[in-house]
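Given chain A, put chain B in place with the hints provided.
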Amino acid sequence: MIMDEQQTVPAKRRTTAADYLAPNARALKPSGIRRFFDLVSGRKDIVTLGVGEPDFVTPWHVRDACVASLEMGKTQYTSNAGMPELREEIASYLDNRFKVSYNPADEVLVTIGGSEAIDLALRALIAPGDEILIPEPCYISYSPITALSGGVAVGIETFAADAFKLRAEQLKAAITPKSKVLILCYPSNPTGGIMTYEDWLPIAKVVEENDLIVISDEIYAELSYGQKHVSFAALPGMKDRTILVSGFSKAFAMTGWRMGYACGHPELISAMLRIHQYTVMCAPIMGQVAALEALKNGMEEMERMIESYNQRRRLVVKGFREIGLECHEPQGAFYAFPSIKSTGLSSEQFAERLLEEGKVAAVPGNVFGLGGEGHLRCSYATSVSQLNEAIERIGDFVKKLKNERE
Amino acid sequence: MKGAVTMSDLKMKILELLKEDARRDAELIATMLDVQVDVVKREIAEMENDHLIVKYAAVVNWSKVHDETVTALIEVQITPERGRGFEGIAERIYLYPEVKSVYLMSGAYDLLVEVEGKTLKEVASFVSNKLSPIDSVLSTKTFFILKKYKQDGIIFDETVGDQRLMISP
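Protein sequence lines correspond, in order, to chains A and B.
Going by the numbering used here, the first residue of the first sequence is number 4, and it counts up by one from there.
Going by the numbering used here, the first residue of the second sequence is number 13, and it counts up by one from there.
Just to be clear, a hint being listed does not mean it is correct.
Unchecked claim - Distance condition first, Cα-Cα at most 30 Å in a straight line; then the derived DSS-like pairs of lysine-lysine: (1) Lys31/B - Lys133/B; (2) Lys242/A - Lys208/A; (3) Lys76/B - Lys53/B; (4) Lys242/A - Lys168/A; (5) Lys47/A - Lys32/A; (6) Lys25/B - Lys67/B; (7) Lys231/A - Lys31/B; (8) Lys299/A - Lys25/B; (9) Lys133/B - Lys53/B; (10) Lys47/A - Lys15/A; (11) Lys175/A - Lys208/A; (12) Lys362/A - Lys231/A; (13) Lys299/A - Lys142/B; (14) Lys242/A - Lys175/A; (15) Lys130/B - Lys53/B; (16) Lys47/A - Lys133/B; (17) Lys53/B - Lys321/A; (18) Lys160/B - Lys130/B; (19) Lys67/B - Lys160/B; (20) Lys15/A - Lys32/A; (21) Lys183/A - Lys208/A; (22) Lys25/B - Lys112/B; (23) Lys242/A - Lys231/A; (24) Lys299/A - Lys47/A; (25) Lys67/B - Lys231/A; (26) Lys133/B - Lys321/A; (27) Lys47/A - Lys31/B; (28) Lys23/B - Lys321/A; (29) Lys168/A - Lys231/A; (30) Lys321/A - Lys31/B; (31) Lys76/B - Lys112/B; (32) Lys133/B - Lys162/B; (33) Lys31/B - Lys299/A; (34) Lys47/A - Lys76/B; (35) Lys231/A - Lys23/B.
Read the hints as simulated data drawn from the structure, not as lab findings.
Next up, chain A with everything else stripped away, as it sits in the complex (with noise of 0.2 Å):
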């Protein structure tokens, strides 16, 4: 076929290797968190509340399983939608600890992580222009992902005063006839906030009513503390609308493991396998195997780590106080996001300077979106004498800047 010669040949030359970038590459920024894990990064004499993740290495049990299938030989691809057993394990686990039932065969998909989950849903919902409703503050990586996919995310914001719920009247005002997808993460990261089985009602007939979707990232599920945790799949007529994200990071302590699921309609879950598969094949199969020890002989051990870090909260809880920062209640995951704003000065100033001058690590909660300027998310997964010494260290700082305001 002979090529028209005007199409072949781009209008301006590439010179650089950004201009072969494809747009919505090219506006992907980085997140907020990177900055400071640069600023971090080598120095020793920084206690650091900035981790996101279980200071628990994963059960030696789980490990152990792994390093005997690697002896055994299991090296191979699994099927496509991950082994078999592990599915009808991760079927069986949701239906006894969060009562919602789901068909291992065509409606549970293990992936890489919660991560994967998160991005095969969006990309298999999002046309170009659909707008994807984010309550905020929340974890990073939604809206950049939307943004990938062509969707525009409408962040809705939430706040302290109210435990960082989401309220139906809040969600009402952000929809529009575009409206397609709404991403709850409750427990939340960065907030701890929470919704409760009352709390969930009035969002799930708002739903209903405006014909949404919504991806539910449940990755803190199991680190609920006094209450359990309701997942909205589980409430009246919500399964079907919802595609449950979850995964082995936060609760049994294996974030590198990169283990993951989605679970919800078959016709969902099967779009998600189509990209899933020809993008990677499957999940890894060692990290499988330990997702699946995990979830037949683990389930002791992940009460001992939720026990473990619920002591720690009311520990940072209180420290906070004490220090004069309020700090609303968080009642899951493993985050306190206590306010500075009596501080006066932003949250990148005062991680900043809490960096530099107090020696402590922090993430400022900008980063995570709307609402969460004038807050500081601290990860309380770190030692008791780490905690310890953290809250010292941000009280003797808070205390040199009230100093200085005087």
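Showing chain B alone in chain A's frame:
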């Protein structure tokens, strides 16, 4: 949420926190368990009185303090005494200051005795001069400890610390 934990449950949780770090004070423990400080103080006092908590002692890695210390585990077979079983003889053994621990065991022997000395010779002489001559001791088997990796749930040479990135999303 206060009072959600039953008494024995609470004692157990206090013990677990103290076992991790015996220097944790009542106030810290009260915060971590969401109970009143007075309650924690009372529970701890009770456990001290009842000898549930025997002592608050440091776990020392003695091999770092003086390398030459020798520790041996000795399997001891004995004839129980009428009426007193193993108690009297166990006491005669554990009262020696060089004896660090004594356990009554099931299986091929009766008591497992941990003995510490400055030299191999010192331990050997304890066995031949003090332990073996006891009337009801039938036989002893001495095993010297070459290296302690883990004791009471505490790993001595944990070289890898926190391996996480300092900041992550």
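ask   = Is the Cα-Cα distance between Lys53/B and Lys321/A 30 Å or less?
value = Distance ~19 Å between Lys53/B and Lys321/A Cα, so the pair holds.
ask   = Given the hint that Lys183/A pairs with Lys208/A, does the C-alpha gap stay at or below 30 Å?
value = holds (15 Å)
key: Straight-line alpha-carbon gap Lys242/A to Lys175/A, limit 30 Å   = holds (21 Å)
ask   = Regarding the pair Lys168/A and Lys231/A, is the alpha-carbon distance no greater than 30 Å?
value = holds (16 Å)
ask   = Taken at face value, is the distance from the CA of Lys15/A to the CA of Lys47/A at most 30 Å?
value = violated (49 Å)
ask   = Between Lys299/A and Lys25/B, is the straight-line Cα distance small enough, at 30 Å or below?
value = holds (26 Å)
task = Decide if the proposed pair is consistent with the structure: Lys133/B and Lys53/B, CA atoms, cutoff 30 Å inclusive.
result = violated (47 Å)
Proposed proximity, Lys160/B with Lys67/B (alpha carbon, max 30 Å) = holds (22 Å)
request  = Assess, step by step, whether the Cα of Lys67/B is no farther than 30 Å from the Cα of Lys231/A, and give holds or violated.
outcome  = Violated - the C-alpha atoms of Lys231/A and Lys67/B are around 38 Å apart, more than 30 Å.
task = Would you check the hint for Lys160/B and Lys130/B, treating anything up to 30 Å between C-alpha atoms as holding?
result = holds (16 Å)
message = Hint check: Lys76/B vs Lys53/B, CA-CA at most 30 Å. Holds or violated?
response = Since the Cα atoms of Lys76/B and Lys53/B sit roughly 35 Å apart, the hinted pair is violated (cutoff 30 Å).
key: Proposed proximity, Lys23/B with Lys231/A (alpha carbon, max 30 Å)   = holds (24 Å)
The structure does not agree with the numbered hints 1, 3, 9, 10, 12, 13, 15, 16, 24, 25, 26 stated previously, though it agrees with the rest.
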